[in-house]
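Visitor: First to last, the protein sequences are chains A and B.
Counting in the working numbering, the first sequence runs from -9 upward without gaps.
Counting in the working numbering, the second sequence runs from 19 upward without gaps.
If you are wondering where the hints come from, they were derived from the structure by calculation, not from laboratory data.
Backbone N, C-alpha and C define an ideal beta-carbon position, used for all residues, glycine too.
Heads up, some of the hints might be wrong.
[Stated by the list, open to error] Computed footprint of chain A on chain B; a stretch qualifies when at least three of its residues, placed anywhere within it, have a C-beta under 8 Å from a C-beta of chain A:
1. 42 to 51
2. 76 to 89
3. 289 to 297
Here are the chains, one letter per residue:
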Amino acid sequence: MKSILTLLCCFFCVAISHSQDRYLTKSGAINFYSKAPMEDITADNNQVLSIVDAATGKMAISILMKSFLFEKALMQEHFNENYVESDKYPKATFKGDILNFDDISETKTKKQVKGILTIHGVSNEITIDANFTKTDEAILVDGNFIIEIDQYNIKIPAVVAKNIAKKIKVSFDFNHKPYKK
Amino acid sequence: MKKLRLAIFLFTISTAIYSQDDLLDILEDETPETTSENIVTSTFKGTRILNGHSVENRKDKELEFIISHRFGAINLGFDELFGLDQSNIRMALEYGLTDNLTIGLGRSSFEKTFDSFLKYSLFKQKKGANSFPVAVSLFGSIAAKTQDEAFPVLERSFSENLSYVGQVLIARKFSQSLSLQITPTYIHRNTVRDIADPHDIFALGFGGRVKLSNRVSLNSEYYWAFDQSESINARNSLAFGVDIETGGHVFQLILSNAITMIEKSFIAENTGDFFGGDIHFGFNISRTF
Chain A
-9 MKSILTLLCC FFCVAISHSQ DRYLTKSGAI NFYSKAPMED ITADNNQVLS IVDAATGKMA
51 ISILMKSFLF EKALMQEHFN ENYVESDKYP KATFKGDILN FDDISETKTK KQVKGILTIH
111 GVSNEITIDA NFTKTDEAIL VDGNFIIEID QYNIKIPAVV AKNIAKKIKV SFDFNHKPYK
171 K
Chain B
19 MKKLRLAIFL FTISTAIYSQ DDLLDILEDE TPETTSENIV TSTFKGTRIL NGHSVENRKD
79 KELEFIISHR FGAINLGFDE LFGLDQSNIR MALEYGLTDN LTIGLGRSSF EKTFDSFLKY
139 SLFKQKKGAN SFPVAVSLFG SIAAKTQDEA FPVLERSFSE NLSYVGQVLI ARKFSQSLSL
199 QITPTYIHRN TVRDIADPHD IFALGFGGRV KLSNRVSLNS EYYWAFDQSE SINARNSLAF
259 GVDIETGGHV FQLILSNAIT MIEKSFIAEN TGDFFGGDIH FGFNISRTF
């Protein structure tokens, strides 16, 4: 009987510690910015899902491409139809490890995140610099990096080459809260 | 001691089990069901299939400038440079009052006709939980012919020169590359040339597109009129064309037996015989601001 109690107790502890280990947001913000000679294009997505496992230092992000909002409706339509082909590839994902995750604290610290970024069905390994802040009830992550779109097999026709940059600046800002199932 | 070891063992195992489930799978589970992602968009590239309207609307506060040309019939031969010496033009401004309501004003050189229309997107095609099989738009227009009759010389009042068109545009995007539309149409003309000609004309339009690449599609369109004007030997209109999209422009290259670009003319007053060689080359160019 006692051993069963211990066992139960164990499971309970595990469950509790785990539910505190993971931090999730469903309203993460990602912005991208394309600076080209003819025009600057920017788009925002405030419905990004991101999760951090504070026990293992692993991180995953899921981005619905159709949730990117553009200044002009036509840009948004072309983004989804012609460039990222959202019907075929509805999501972009990232999955990776936060390097030297152990020493994140209440003071903002810069960490490297290494992992696989998948956009438009193409996966590339990337390493991103990001700022981490961990408090009792949140893990904050923000930063930015550059994407070269031809690495993701997104083709820019010659006629709009002056309207769309080949290198896109991506900014992100996530406020993860403790995740309970 | 034994129990402690067991406890540690169990702890390790459960941790191991726990870390196996993928973080991305958790995100997948947590993804909220949203409706906006389930709306099927871009059934057609432009607001026209070729001559006639597609279910597509301009979006909120978008202004589109459309220039359309139809040249003379190709079978006019070399003397008329296969029709290129003749030209009909329609210029139009079309504006999205909301995402679902577009207003348009146009002027055609053919019979110096002014036209205005409203197009309202009633239902969107949706997939997922609240799926809906088709997109439906309503279209209504008034056209005013301002050219005087040359023979016989007739003075007609403004209202006598009016005609009205109502359409229900029903389209379905079957796949990324195939979209089809059927278009029940009603036309009323206040004045007809001959007493035997119908004032009211019912027609059914069929249109479709096949995408050849992300930016190019092949379109065709046919309007079958159930009532025909005998006095001009009116025929059904048939058109084939290609859409080419570049950024803010859509170019449409068209081969059609109709020389006009508004509904009441190309559905009810078209005289060209496509297979007799009365084929008019033309194009629509639209620029969205």
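Visitor: With a C-beta cutoff of 8 Å, work out whether three or more residues of the segment 289 to 297 of chain B approach chain A closely enough for the coverage to hold.
Guide: violated (count 0)
Visitor: When I compare C-beta atoms, does the segment 76 to 89 of chain B have three or more residues closer than 8 Å to chain A?
Guide: holds (count 3)
Visitor: Has the segment 42 to 51 of chain B got at least three residues whose CB is nearer than 8 Å to a CB belonging to chain A?
Guide: As far as the segment 42 to 51 of chain B goes, the hint holds, because 7 residues have Cβ atoms under 8 Å from chain A.
Checked against the numbered hints above, the structure violates only hint 3.
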